[in-house]
Amino acid sequence: MGARERTGDPAADDPAWDALCGALRDAGRRALAGAASGRERAEALRALTRFLAAGVAVCVEHADAEQPELCRMIEASAKWGLDMPDCLYLYAPVREGARYRLFGTRGTACHLDVQVNAGHFASGRVGAWRTLASASGDELGAGADGAFELQLGGERRGGHWLPVGPGAEFVLIRQYFADWERERPAELAIEREGAPLPAPPPSADAMEARLARLAEWLTHGGALWDRMARGLLAMPPNTLAFHDPGASGAHTGLAGQAYGLGHFRCGPGEAVLLEFPVPRCRHWSASLADRTFASLDYATRQSSLNGHQAAVDADGVFRGVIAQEDPGVWNWLDPAGHEDGILAVRFLLADRATTPRVRALPLAELDAALPRDTPRVTPAERADLLRRRRRAVWRRFRR
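Using my numbering, you'd call the opening residue of the sequence shown number 2 and step up by one each time.
It should be emphasised that the hints constitute simulated quantities derived from the structure, not laboratory data.
Note that this is a predicted model, so its numbers are computed, not measured.
We put the beta carbon where it would ideally sit given N, CA and C, even for glycine.
Label pairs and their in silico Cβ distance ranges:
hint, residue 1, residue 2, range
1, Asp-206, Asp-146, 39 to 45 Å
2, Ala-129, Arg-396, 34 to 40 Å
3, Leu-387, Asp-316, 26 to 32 Å
4, Asp-245, Thr-109, 26 to 32 Å
5, Leu-46, Pro-380, 30 to 36 Å
6, Ala-200, Glu-276, 50 to 56 Å
7, Ala-365, Phe-104, 52 to 58 Å
8, Leu-46, Leu-387, 22 to 28 Å
Construct all of the structure, not just a fragment, from the sequences and the given hints.
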């Protein structure tokens, strides 16, 4: 009998499980490499357990294209891959040759996008990730009651439809929120046409394949994000490099979104001023992330701002301030004690290219660098803003 059909000692080693445990051990060593303080070690281990939890969701629990279910690929408590604080990510497995129905209510997020993608994030090979088909909420629309339906795969048919082409592995749905307190997530479900009920349990072969993919997620997927984070942190401090929105959209990134990624450095008594003229666009944001390539706490800290939340000055320029201490300005970006980290600026469907300016200065000189009418915030007002942020995140993630 093969390894998948053992009838001997149930406590004997299982190759797939052993490989997964080895991958987790190696991922831990990689995560802790360069962690110079107790805080950095704690953050590295927390990031690894969160990445493991996300991997269990997309590689094990939601890996059956015959009986797909939507899952939150990224959570506020399971961040990875330079997640976007304004976004709710939904994931479901699919396969070529099957027909699916995505249905529910559209919600009121300012932007919704559905992608059919080839490749898998576990591989760590960006070049192998391909967007095969996509449609925005503008194209898909919704009924007067908010009802939403999209057919996936099979032959083209009436209503809204996207192909599920060769190599397709998953559907990725992004919802971008500008007004966190008022916009509501879509209520969506996916089903494969003809899927039998009750659903059969996974076979031994299927479970072995899922564990192998989870090991790949930890080994190759984790190594990719680690390399990308280290590459950004190796850039000169307080610089940004922009990426073409067309290239990003071809490799599972959001179509039409320009990304500016870079390295911020801000010590005690310092400020980093981020400035750019705001273009006309569907959505824009500035956010901070740590060395694990995960966003900072955006629920209880103001570590991100979008076009609805931020104050734009009378000259049309956004001026955000990274500082360890609250400088009392509306557009504070809180680095949560990180003196080095990743800065991300995103523009979705912008009418023109924009080049942000990033510069460091002594905190004592900040007021002189800002317009006189810069909006100010008292400690009590800041506390209220943070309470409202946390409640909005709770609602988005159904807590």
